[in-house]
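Taking the hints into account, I'd like the entire structure generated from these sequences.
Chains B, R, A and Z are the protein sequences, given in the same order.
Going by my numbering, the letters in the first sequence line up with residues 1 to 154, in that order.
Going by my numbering, the letters in the second sequence line up with residues 155 to 308, in that order.
Going by my numbering, the letters in the third sequence line up with residues 309 to 462, in that order.
Going by my numbering, the letters in the fourth sequence line up with residues 463 to 616, in that order.
In short, the hints are calculated from the structure, not lab data.
Bear in mind that the values here come from a model prediction, so they are computed numbers and not experimental data.
We treat Cβ as the ideally placed atom computed from N, Cα and C, and that holds for glycine.
Where hints are given, some of them may not hold.
So, partial list: chain Z residues that the calculated Cβ filter (under 8 Å) puts toward chain A [stated by the list, open to error]:
hint, residue
1, W481
2, R511
3, E515
4 protein chains.
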Amino acid sequence: MAATPLENYIREQQMSLQWLPFLRALAAELSEQTDAETLRSLFASVGQRCALEAREAFEDVSTLGALTSSLNDFLAHIHWGVVEITEVPGGVAIDHHAAPLAEAFGDDALHWSIGFLEGFYQSLFGQLGAAPSMRVHALDEDCEAMLLRFQFGR
Amino acid sequence: MAATPLENYIREQQMSLQWLPFLRALAAELSEQTDAETLRSLFASVGQRCALEAREAFEDVSTLGALTSSLNDFLAHIHWGVVEITEVPGGVAIDHHAAPLAEAFGDDALHWSIGFLEGFYQSLFGQLGAAPSMRVHALDEDCEAMLLRFQFGR
Amino acid sequence: MAATPLENYIREQQMSLQWLPFLRALAAELSEQTDAETLRSLFASVGQRCALEAREAFEDVSTLGALTSSLNDFLAHIHWGVVEITEVPGGVAIDHHAAPLAEAFGDDALHWSIGFLEGFYQSLFGQLGAAPSMRVHALDEDCEAMLLRFQFGR
Amino acid sequence: MAATPLENYIREQQMSLQWLPFLRALAAELSEQTDAETLRSLFASVGQRCALEAREAFEDVSTLGALTSSLNDFLAHIHWGVVEITEVPGGVAIDHHAAPLAEAFGDDALHWSIGFLEGFYQSLFGQLGAAPSMRVHALDEDCEAMLLRFQFGR
Numbered sequence: 001m002a003a004t005p006l007e008n009y010i011r012e013q014q015m016s017l018q019w020l021p022f023l024r025a026l027a028a029e030l031s032e033q034t035d036a037e038t039l040r041s042l043f044a045s046v047g048q049r050c051a052l053e054a055r056e057a058f059e060d061v062s063t064l065g066a067l068t069s070s071l072n073d074f075l076a077h078i079h080w081g082v083v084e085i086t087e088v089p090g091g092v093a094i095d096h097h098a099a100p101l102a103e104a105f106g107d108d109a110l111h112w113s114i115g116f117l118e119g120f121y122q123s124l125f126g127q128l129g130a131a132p133s134m135r136v137h138a139l140d141e142d143c144e145a146m147l148l149r150f151q152f153g154r
Numbered sequence: 155m156a157a158t159p160l161e162n163y164i165r166e167q168q169m170s171l172q173w174l175p176f177l178r179a180l181a182a183e184l185s186e187q188t189d190a191e192t193l194r195s196l197f198a199s200v201g202q203r204c205a206l207e208a209r210e211a212f213e214d215v216s217t218l219g220a221l222t223s224s225l226n227d228f229l230a231h232i233h234w235g236v237v238e239i240t241e242v243p244g245g246v247a248i249d250h251h252a253a254p255l256a257e258a259f260g261d262d263a264l265h266w267s268i269g270f271l272e273g274f275y276q277s278l279f280g281q282l283g284a285a286p287s288m289r290v291h292a293l294d295e296d297c298e299a300m301l302l303r304f305q306f307g308r
Numbered sequence: 309m310a311a312t313p314l315e316n317y318i319r320e321q322q323m324s325l326q327w328l329p330f331l332r333a334l335a336a337e338l339s340e341q342t343d344a345e346t347l348r349s350l351f352a353s354v355g356q357r358c359a360l361e362a363r364e365a366f367e368d369v370s371t372l373g374a375l376t377s378s379l380n381d382f383l384a385h386i387h388w389g390v391v392e393i394t395e396v397p398g399g400v401a402i403d404h405h406a407a408p409l410a411e412a413f414g415d416d417a418l419h420w421s422i423g424f425l426e427g428f429y430q431s432l433f434g435q436l437g438a439a440p441s442m443r444v445h446a447l448d449e450d451c452e453a454m455l456l457r458f459q460f461g462r
Numbered sequence: 463m464a465a466t467p468l469e470n471y472i473r474e475q476q477m478s479l480q481w482l483p484f485l486r487a488l489a490a491e492l493s494e495q496t497d498a499e500t501l502r503s504l505f506a507s508v509g510q511r512c513a514l515e516a517r518e519a520f521e522d523v524s525t526l527g528a529l530t531s532s533l534n535d536f537l538a539h540i541h542w543g544v545v546e547i548t549e550v551p552g553g554v555a556i557d558h559h560a561a562p563l564a565e566a567f568g569d570d571a572l573h574w575s576i577g578f579l580e581g582f583y584q585s586l587f588g589q590l591g592a593a594p595s596m597r598v599h600a601l602d603e604d605c606e607a608m609l610l611r612f613q614f615g616r
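Okay, structure coming up:
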């Protein structure tokens, strides 16, 4: 389904112009040098570091509602969209709207750049006490530029 | 020499908050996985791609003054500072003020992140007809966060 | 109907933080000193001046499609949303999405701050050759923060 | 003294593009309708309202150092520059660097738009317990676009 002018506007405005040329060129260079699986893993490591750096923002959180609220404050501050977190059978569903990921690295890179948010959420839930056996993974088939969907569970 | 409150303010405001956590974490991850020389070279390749993508902005340029002017329009548009380009014996001196490079990747990474602008300027002068034997290199000793100095020549 | 978290996020992110305190305070001060009709007229004059300043962007426009396209380039550049312009019986319908007007001056001030866009569009269509008897007016009942609707006609 | 390219860059980048056309047009319209003294007083009232809205940020402040620190956090958050506050004989000197005021309303309007910061500081010092007989006034002769100087005292 084609995006409306409003959807395109929001997607473009959301992305910092300062880093668009750099990140697009970085994606092109990395794609040429390395396979997608390695890049997804690299980006997951970067995402884990980001969550670790930001951990103070989440340390008093004890419910999913409080987590969602703290996370949305954090994301709004850095212009990274808005998230809905809900309990589902066997785990937690994470719907992340308006992340600048697809716009930054290109739609074609989304299948590996999404590793960044997988690593971020993995580290975040780990800090909150989740067992290491619980994994975050993107629902690749259900992801599109402005709505990235993840599931956290066994 | 310690930076003044105003200099710190300008440095921080200049950097897009959206990508600060990502780029700092990327720098930390890359530094752990790879040596500085390889990273400087990777960033040079990324810079070359950026210059290639932006080449239309410079194709009508035939003097250093016109190059400076086109370049500053381009840089202002993406919030990447302001540049002075002057002829010096044996080449060209490039003083790039207020680039967000040191703030984005950290002061400790500047000795390799600066490869990005080396690659960018190398590609730019190549497009304008410079011989491949002419190289751009950062004057590492004279670089500080808010003033990056390069020389282009043999 | 309550706005979703995503709609609130977009509305808030759209608005420049730099001028939010100033513009909110200006709206409060003006509302105390002056009646709504006078303010709507003041804002219309300000909008006309903006259109006049920007006239170069529209001088080669000869169709509604070309106008829409030039206007959206202009609006995207200054982060003022996106517009759809369509012919309707007796005139032209203008749907302006994601303008920062309601967020800047407050929802309560929208019935007079909207004069800004009325004046802007009035001047714009006048520059393009419309007869002075043709007026732009907001469809107040159909306006909400993120979709402002106008009609241009007799 | 002419501004350097770097100074011009900082001045322009500092100002939100979103409100530049509106605020310039507002200044032109107000200047035509009203005299400078009235406008300076209107802007002082707007500044007072801003300080009142922001008062929570300053309520635990009990020294000039703590005030400077809280104020700079507040200003950095909304991209309004950086301030130095020092005791001088008979009062307090306030040097406000990199405010977007001259860029927003134009250099020609600075002699009345500066009322905004006079009102802001007046209200701020009042909240902190200063006697009403103590007034903030801009040192008009010493003000230039990127350094606005005020004195607070009898």
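Item to check | Unsatisfied constraints (hint numbers, rising) | outcome: none
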